[in-house]
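Its first residue numbered 941, the sequence shown is counted upward by one per residue in the numbering used here.
Keep in mind the hints are simulated off the structure, nothing from the lab.
This structure is a prediction, so every number in the text was calculated from the model and none was measured.
Idealized CB from N, CA, C, for every residue including glycine.
This list has only true hints and no planted wrong ones.
The calculated EDC-like cross-link candidates involving lysine to aspartate or glutamate, where the alpha carbons are at most 20 Å apart (straight line), are:
1. Lys1001 with Glu1060
2. Lys984 with Glu1024
3. Lys1069 with Glu1022
4. Lys1001 with Glu962
5. Lys955 with Glu997
6. Lys1001 with Glu1022
7. Lys984 with Glu1022
8. Lys992 with Asp1026
9. Lys1087 with Glu1076
10. Lys984 with Glu962
11. Lys1081 with Asp1011
12. Lys1069 with Asp980
13. Lys964 with Glu1024
14. Lys984 with Glu971
15. Lys964 with Glu1060
Restraint-style ranges between C-beta atoms, simulated for each label pair:
16. Lys945 with Asn979: 23 to 33 Å
17. Asp1041 with Phe961: 10 to 20 Å
18. Thr1005 with Asn1110: 53 to 63 Å
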Amino acid sequence: MKPLKEFTIPFVGLKIAKHQFEYKVNKTFFEYFEYEDFNDVNIKVDLVLEKKSTLLELHFKISGTVNVNCDVTNEPFNQSVENEFDLVVKFGEEYNDEYIDILIVPHGTYEINVQQYIYELTVLGVPTKRVHPGVEDGTLKSDILEKLEELSPKLKENKEKEEDIDPRWNTLKKLLTDK
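Construct the complete structure from the given sequences, taking the supplied hints into account.
What follows is the structure in structure tokens.
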């Protein structure tokens, strides 16, 4: 996969100090990764790169919304997303990304691409269970919710059925539990 140029930071010409980068991420960014769970995306990425003499420190902060479908009703809604991540980039003999928050790049590397980190931060910032806020507070009116309510088991009916059982069966049930 060819990296997107706008997310490549050439750090070799930067002074030893903190540097600010801002990115706007939309749906085409996720289409590049072939990720199709989002209907629409409006994410702002604030990246602070602190260049030091022997390493780089990157602090990612994302905030915004992604439009996803509700897991209960399949209704689209805007899910707010906020996430932060710190990454340390060190220089070594060969490329190594085995560690979560440490990236080792070969000596002589002059740029770093941050698109994969932005992608992962956004996807991991979205809750695994996506429930429309209208479902939680009861304001959403949907055919699916009405059908779920209609088909849900009624607790009172189950208790009445248990009371109608012949009491002789209860002594037989005791035999099963006395083992």
